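Asker: From just these sequences and the hints, can you work out the full model?
Number of protein chains: 2
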Amino acid sequence: MFIIKFGGSVITDKAKECCFKQEVVDRLAAELKHANKEVILIHGAGSFGHILAKKYKLNGGYKQKKQVEGFALTQAMVQRLNNLVLASLHNHDLPAVSIPPHAVLSLSNHKLSRVDYSIFQKYLDLGFMPVSFGDVALDKKLGFSICSGDLLVQLLAVHFKPEKVIFVLDEDGLYSANPKDDRNATFIERVTVKDLDKLTTRLNAHADVTKGMEGKLYTIKQIARVGVDTILLNGNVHNRLYDTLKGKKVRHTIVQGE
Amino acid sequence: MFIIKFGGSVITDKAKECCFKQEVVDRLAAELKHANKEVILIHGAGSFGHILAKKYKLNGGYKQKKQVEGFALTQAMVQRLNNLVLASLHNHDLPAVSIPPHAVLSLSNHKLSRVDYSIFQKYLDLGFMPVSFGDVALDKKLGFSICSGDLLVQLLAVHFKPEKVIFVLDEDGLYSANPKDDRNATFIERVTVKDLDKLTTRLNAHADVTKGMEGKLYTIKQIARVGVDTILLNGNVHNRLYDTLKGKKVRHTIVQGE
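First to last, the protein sequences are chains B and Y. At position 126 of the first sequence the residue is numbered 112 (the working numbering), and the sequence of numbers has no breaks. At position 219 of the second sequence the residue is numbered 205 (the working numbering), and the sequence of numbers has no breaks.
Check each hint, because a few of them may be wrong.
Below, a list of computed lysine-lysine pairs in the DSSO-like style, where the Cα atoms sit at most 27 Å apart [as the list claims (entries may be wrong)]:
{"#": "1", "chain 1": "Y", "residue 1": "K23", "chain 2": "B", "residue 2": "K51"}
{"#": "2", "chain 1": "B", "residue 1": "K49", "chain 2": "B", "residue 2": "K127"}
{"#": "3", "chain 1": "B", "residue 1": "K108", "chain 2": "Y", "residue 2": "K51"}
{"#": "4", "chain 1": "Y", "residue 1": "K19", "chain 2": "B", "residue 2": "K51"}
{"#": "5", "chain 1": "Y", "residue 1": "K23", "chain 2": "B", "residue 2": "K108"}
{"#": "6", "chain 1": "Y", "residue 1": "K52", "chain 2": "B", "residue 2": "K19"}
Hint data in this document are derived by calculation from the structure and do not stem from the laboratory. Given the structure is predicted, the values throughout are model-derived calculations rather than measurements.
Answerer: In structure tokens form, the structure reads like this:
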């Protein structure tokens, strides 16, 4: 089984509220269908979630009543995005079933407190593709906060120990330095967690409550610790996802499980 | 706290696939807002769910692989309906949060096997309006089946023992006989469960996997057994819901809790 994350910046225009990249998602859905693997799919909230979540300061927890409205609006917005993703998957004959974090898990000061893993397993067992996503969530300590798609990938990967975790990004993978700032930056094809600690990476310049690549590296380290490889690849390039799922060598970064 | 069910035939045109009654839902949302009560809202799946569920025979359980696709499509379709309901509630400043049955409960041969009641309570405690709906669901015995909105109302009412349960229908309430067939049919304002057993009622002529009024009477009896009153009222008539929530006397049927 693979756990695959469609990054929010791949499936939406992160700088523009509620702008869904239909063609990209349709192509990725076709690649998934063609590869014919058992998959749990997670997608980011992108501009359907981050802009509202930031406006209402949801990640800081419940501080004023106005945020209740903000939480409700954000939840509905990411559900709208989820509907668009589901429709694309269904159009490609993938039996996707939505598992919304705000209904199946609780956090406690941003860390996992309780999650129903069995619901994912039961749908897998019946031949479905469980689809979850970056979402608002209940938080025991804070009232509510954010469950990012990356946190979800981490939790599910540590629990299910999939064959591989794949992050579908809008860049090819990891570099030794930010290629925008540093002409000597080189692309990393394969790296251990130990080496990862020495590297700096491109950071996301757009509004993002989940801190872009910095948070992702933390996630990847947790996944490596349970012995699972993580692959980062560019979802904007045709067949990178398909080829990777089929074990073909393409431009991507592999972070080796320990 | 009130548990209110918006019937599928009130919020959709049951004979026509995916036809949402925007004006009716907007008016009911306005009445809810105006009444300012603590509410768990359930809505039927109406033509967004029943037609597909029937086509793929989902209520009979998992018998062939094609149904997996049918389950996924039905789930996405009722989620689309739920999005429309949420949007209307949010437009009326109601902090509605979606709790989809297919993610939070399991059935076993159509009966409840497991449900996370705490998620409803936690959202209520924070000031949200939990919104759930008729949905497909996992079924231990059958693989999957249907969790009707009525079953959901029953489960939640028995657990939470609300002040009242209100069924918002497309008819005024219960009659002593089917008023279409029988000129002597009289409207019932107040009735006990014992008397209910003696009555026949209008049955739904449209495609409906959840058996219309017949199933509803069973539900209402279970609710009465825990001492909770159920009110049936006409959602197509302006302010019937609002007036009922405010304790005013309007045309509706009260089934007394025992």
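Asker: Please go over all the hints and tell whether each is borne out by the structure.
Answerer: So, going through the hints one by one against the coordinates:
Between K23 of chain Y and K51 of chain B the CA atoms are separated by roughly 16 Å; this keeps the pair inside 27 Å, and the hint holds. Restraint check for K49 of chain B and K127 of chain B: the C-alpha separation of about 12 Å stays at or below 27 Å, so the hint holds. Of the supplied pair hints, the one linking K108 of chain B and K51 of chain Y holds, its CA atoms being roughly 15 Å apart against a limit of 27 Å. A threshold of 27 Å between alpha carbons decides the hint, and for K19 of chain Y with K51 of chain B the separation of about 16 Å falls inside it, so the pair holds.
Taking the CA atoms of K23 of chain Y and K108 of chain B, the gap is about 37 Å. The hint is violated against a cut of 27 Å. Restraint check: the Cα-Cα separation between K52 of chain Y and K19 of chain B comes to about 16 Å, which is no more than 27 Å; the hinted pair holds.
Hint 5 from the earlier list is the only one contradicted by this structure; the remaining hints agree with it.
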